Amino acid sequence: MAQLEEANLDLYKHLVSERALTGETMLLNMGPQHPSTHGVLRLLLELDGETVINCIPDIGYLHTGIEKNMEAKTYLKAEVMSDRLDYMNTMGNNLAYVLAVEKLVELDVPPRAQAIRVILTELQRIASHLVFLGAFGLDLAAMSVFLYCFREREAILDIAELCSGQRMMTTYFRPGGLWRDVPVEFEAAVRNFLKIFPKRVDEYETLLTKNPILLDRTVGIGKLDIATALQHGATGPMLRASGLNWDLRKARPYSGYEQYDFNVPTRTEGDTFARYIVRIEEFRESMKIVEQALNKLPMGPINSDNRKFVPPPRSELGVSMESLIHHFKLWTEGFPAPKASVYSAVESPRGELGVYLEGDGGPKPQRVHWRTPSFDNLSTIEKMVRGHLVADLVAILASIDIVLGDIDR
Amino acid sequence: MDKKLEPIVQALQEKYTTSIEEFRDEVHIFIEAEQIVDALTLLRDKYDFELLSALTATDYWPQQSPRFHVIYQLSSIARNLTLQLRVPLNGHNPKLPTSTRVYQVANWRERELLDMFGIEIEGHPDPRRILMPEGTQGHPLRKDFPLGYEEPQFTFNVEEINLRKPYAKD
Amino acid sequence: MGIEQKLGNMGIATTTLETVVNWSRTNAMWPMLFGLACCAIEMMAAQASHYDMSRFGMELMRASPRQSDLMIVAGRLSRKMAPVLRQLYDQMPEPKWVIAMGDCASCSGVFNNYALVQGVDEIVPVDVYVAGCPPRPEALIHGVVTLYEKVKGEKFKDLAVT
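Protein sequences appear in the order of chains A, B and C.
Once you know that position 7 of the first sequence is 7 in the working numbering, the rest is easy, because the numbers rise by one and skip nothing.
Plus 409 on top of the position in the second sequence (first one is 1) and you've got the working numbering.
Plus 579 on top of the position in the third sequence (first one is 1) and you've got the working numbering.
Simulated from the structure, these hints should not be mistaken for laboratory data.
Please note: incorrect hints may appear among the correct ones.
Stated by the list, open to error - Straight-line distance between alpha carbons at most 30 Å, and here's what the computed DSS-like set of lysine-lysine pairs gives:
| hint | chain 1 | residue 1 | chain 2 | residue 2 |
| --- | --- | --- | --- | --- |
| 1 | B | 578 | A | 364 |
| 2 | A | 250 | B | 412 |
| 3 | B | 424 | A | 339 |
| 4 | A | 308 | B | 552 |
| 5 | B | 413 | A | 103 |
| 6 | A | 339 | B | 578 |
| 7 | A | 210 | A | 199 |
| 8 | A | 77 | B | 578 |
| 9 | C | 675 | B | 455 |
| 10 | A | 77 | A | 308 |
| 11 | B | 455 | A | 383 |
| 12 | B | 574 | C | 729 |
| 13 | B | 424 | B | 413 |
| 14 | A | 364 | B | 552 |
| 15 | B | 412 | A | 103 |
| 16 | B | 578 | C | 729 |
| 17 | A | 73 | B | 412 |
| 18 | B | 412 | A | 339 |
| 19 | B | 578 | C | 675 |
| 20 | B | 504 | A | 13 |
| 21 | B | 424 | A | 250 |
| 22 | B | 574 | C | 675 |
| 23 | A | 250 | B | 413 |
Stated by the list, open to error - Ranges of calculated distance between the beta carbons of each label pair, as one might list FRET restraints:
| hint | chain 1 | residue 1 | chain 2 | residue 2 | range |
| --- | --- | --- | --- | --- | --- |
| 24 | B | 544 | C | 672 | 45 to 51 Å |
| 25 | C | 669 | A | 216 | 36 to 42 Å |
| 26 | C | 669 | B | 537 | 27 to 33 Å |
| 27 | A | 296 | B | 532 | 29 to 35 Å |
| 28 | A | 161 | C | 732 | 50 to 56 Å |
| 29 | A | 227 | B | 537 | 24 to 30 Å |
| 30 | C | 592 | A | 26 | 43 to 49 Å |
| 31 | A | 253 | B | 578 | 56 to 62 Å |
Predicted model, so just to flag it, every value in this text is computed and none were measured.
Don't be surprised by glycine CBs; every beta carbon is placed ideally from N, CA and C.
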């Protein structure tokens, strides 16, 4: 098992051009471990000198079997695994799963919980785009941007730790609301972040946006038109940078997004530079949403009242028999879901993150399928990279912003 | 059901053998395996369903006919609609025609079906496994494939499990 | 009075060869980039400016196994990736150490299923296990310092080939 086998060309014969079989072009393996891939992705490149003729991605090096493992756990326990899919956008994954469960069992969520979910998801979007920016700069050999971005990310991770105790894999959103209410220091911490961040975004723009090296390396590279993007299922900033204004937060609003006023940044060129600019603009829009949600934050309960699905607070366990029975049933068996299926999608920083959840009448799901955006976004790379140089391939891969946990699940 | 969806569902009902299921304002349409490519082409060209959001399957073992339901989740950006098509397949020798010519994303998604469920795709340009390593026997997401659960080590059984576990020397 | 005062004046310090060798090994141990999944992000955060790992000698991360002495396996190892890990470990020159960072590398963490190797120590021998999902950057630094203590205690007679 632990011995690498000799690579077999017969597997790929139908995908490479005939020149590779005669030896005229070179087949190079940009292997699973490489400093400029965003995770363990293997690219089989057919090169003519430095120009890329064909690019065949080989995925599956991070396959974790999450979908099958979720079938073996109850709905609440399976949520723990959902963080680890797209590990840049952990709270977004939690939100997608929790919305699907709530749709399946018809559970209402109080407005305070919805507003806090929106605030934390938008902060998570900013954190994810910060890592994109850092990795983008790192791949294009601009290392200082990486250090600046991670400094901002620490502020957001501190806020997450304040609410839930964990920096990254929080599992803070639960079906019916939240795990616990936010502490008193939450509002001050978020306002502090909102005060310092706009100037930092301007700082990143001065470092990168008008930089002639960046412009040379990214303008006109990796063009993706709308028709190809839709055929390949690419959504999110990739589709918006090509010109189509499609954002699930505006088109099919969830969790109270219709109350907030924000724009959806779009560009028309569809190249690497456009994708970078769209994400920089999304920083500013996310800050607007967080500020509006924080100003309008209503008081009220955090969880739904339906005790069949939401555990009662511990203070009630001593006085009420029904609460004790509900608590017992929920923690030993879990709540049952109807024998039907739902599909619920949210807008993650990479595109449309959808959950297909099917219940079987019992406490464990029949099938959980994650429609992850990076899987479809990566399938566009074969079209985008033809004719470019290997260095452009690195820039294009950085601009798609893939997360291997999303692709391999 | 959404008002805009009704004429589309009616058109599909007239042309193909279908049955409709509605749940929580979603519409699920059951279609036969031979008609699915025609239905997808019709929906893409005439009714503007440009985006194939998800292509996956569910296993209903031990029930053998139908054993699999293949699910096509379609999304229309121009009209802001969603629709789900379900194709029931038999347990013995499940086969499905490829939708690669209708939506390019089906290339990778059908490879995933082949890998995880063992559903044979007719006419697929590149039928290889995508997530599991080459040479894997079996199809992981089927219900009769074991989870691969390893017994956790507690204090009472830590020595016996340590003897059985293949630790690396050197 | 004693020999120390005389020697200090002459610019000579006495020590053992083992101490010098171990000191030089710990003070500039360069790790190899082996970030697989979520723990890689915390490893990058540990390398960044807030929790700076280059204070501890890990100035840069080399992508090439031939130029590194430490492999931090950060993240979950799937069965498809296992032969690649073993080959990279074999390509590293002696002396080499392995830190299993995170729960998934130590014991496969949350995932007890067919797709993951149940603990990286089935493939490579591990020196230090760092727990956490993902471990805080401070926890990783604690793991690194524990490895340094271990290296400082290494004796030549254990490494001798008979």
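The hints, checked one at a time:
A distance of roughly 40 Å separates the Cα atoms of residue 578 of chain B and residue 364 of chain A; the hinted pair therefore is violated under the 30 Å criterion. Between the alpha carbons of residue 250 of chain A and residue 412 of chain B the distance comes to roughly 20 Å, so the proposed pair stays at or under 30 Å and holds. Distance hint between residue 424 of chain B and residue 339 of chain A is fulfilled; the C-alpha atoms sit about 29 Å from each other, no more than 30 Å. Note on residue 308 of chain A and residue 552 of chain B: the hinted pairing holds, with a Cα-Cα distance of about 29 Å set against a maximum of 30 Å.
Of the supplied pair hints, the one linking residue 413 of chain B and residue 103 of chain A holds, its CA atoms being roughly 22 Å apart against a limit of 30 Å. For a cut-off of 30 Å, the pair hint linking residue 339 of chain A to residue 578 of chain B is broken: about 49 Å separates their Cα positions. A threshold of 30 Å between alpha carbons decides the hint, and for residue 210 of chain A with residue 199 of chain A the separation of about 17 Å falls inside it, so the pair holds. For a cut-off of 30 Å, the pair hint linking residue 77 of chain A to residue 578 of chain B is broken: about 36 Å separates their Cα positions.
With a C-alpha separation of about 63 Å, the suggested pair residue 675 of chain C and residue 455 of chain B falls outside the 30 Å cut-off, and the hint is violated. Annotation: proposed proximity of residue 77 of chain A to residue 308 of chain A holds, straight-line Cα distance about 16 Å (limit 30 Å). A C-alpha spacing of about 26 Å is found between residue 455 of chain B and residue 383 of chain A, which places the hinted pair at or below 30 Å, so the restraint holds. Taking the CA atoms of residue 574 of chain B and residue 729 of chain C, the gap is about 25 Å. The hint holds against a cut of 30 Å.
Restraint check for residue 424 of chain B and residue 413 of chain B: satisfied, since their Cα atoms lie roughly 18 Å apart, inside the 30 Å limit. For the proposed pair residue 364 of chain A and residue 552 of chain B, the alpha carbon gap of about 14 Å is at most 30 Å, so the pair holds. Among the hinted pairs, residue 412 of chain B with residue 103 of chain A is consistent with the structure: their alpha-carbon atoms are about 21 Å apart, no more than 30 Å. Among the hinted pairs, residue 578 of chain B with residue 729 of chain C is consistent with the structure: their alpha-carbon atoms are about 19 Å apart, no more than 30 Å.
Restraint check for residue 73 of chain A and residue 412 of chain B: not satisfied, since their Cα atoms lie roughly 38 Å apart, outside the 30 Å limit. With a C-alpha separation of about 26 Å, the suggested pairing of residue 412 of chain B with residue 339 of chain A holds against the 30 Å cut-off. Between residue 578 of chain B and residue 675 of chain C the CA atoms are separated by roughly 14 Å; this keeps the pair inside 30 Å, and the hint holds. Restraint check for residue 504 of chain B and residue 13 of chain A: the C-alpha separation of about 25 Å stays at or below 30 Å, so the hint holds.
For the suggested pair residue 424 of chain B and residue 250 of chain A, the alpha carbons sit about 34 Å apart, so the restraint of at most 30 Å is broken. For the proposed pair residue 574 of chain B and residue 675 of chain C, the alpha carbon gap of about 24 Å is at most 30 Å, so the pair holds. Between residue 250 of chain A and residue 413 of chain B the CA atoms are separated by roughly 19 Å; this keeps the pair inside 30 Å, and the hint holds. Residue 544 of chain B and residue 672 of chain C have their C-beta atoms about 32 Å apart, which leaves the hinted 45 to 51 Å range violated.
Separation of residue 669 of chain C from residue 216 of chain A is about 40 Å and conforms to the stated range, judged on CB atoms against 36 to 42 Å. Our hint of 27 to 33 Å for residue 669 of chain C and residue 537 of chain B holds, since their Cβ atoms are close to 28 Å apart. Checking the proposed 29 to 35 Å range against residue 296 of chain A and residue 532 of chain B shows it is violated: the Cβ atoms sit about 54 Å from each other. About 35 Å separates the C-beta atoms of residue 161 of chain A and residue 732 of chain C, a value inconsistent with the hinted range of 50 to 56 Å.
Checked against the given bound of 24 to 30 Å, the beta carbons of residue 227 of chain A and residue 537 of chain B, roughly 27 Å apart, stay inside it. At roughly 55 Å, the beta-carbon separation of residue 592 of chain C and residue 26 of chain A lies outside the given 43 to 49 Å, and the hint is violated. A beta carbon spacing of about 58 Å between residue 253 of chain A and residue 578 of chain B agrees with the range 56 to 62 Å that was offered as a hint.
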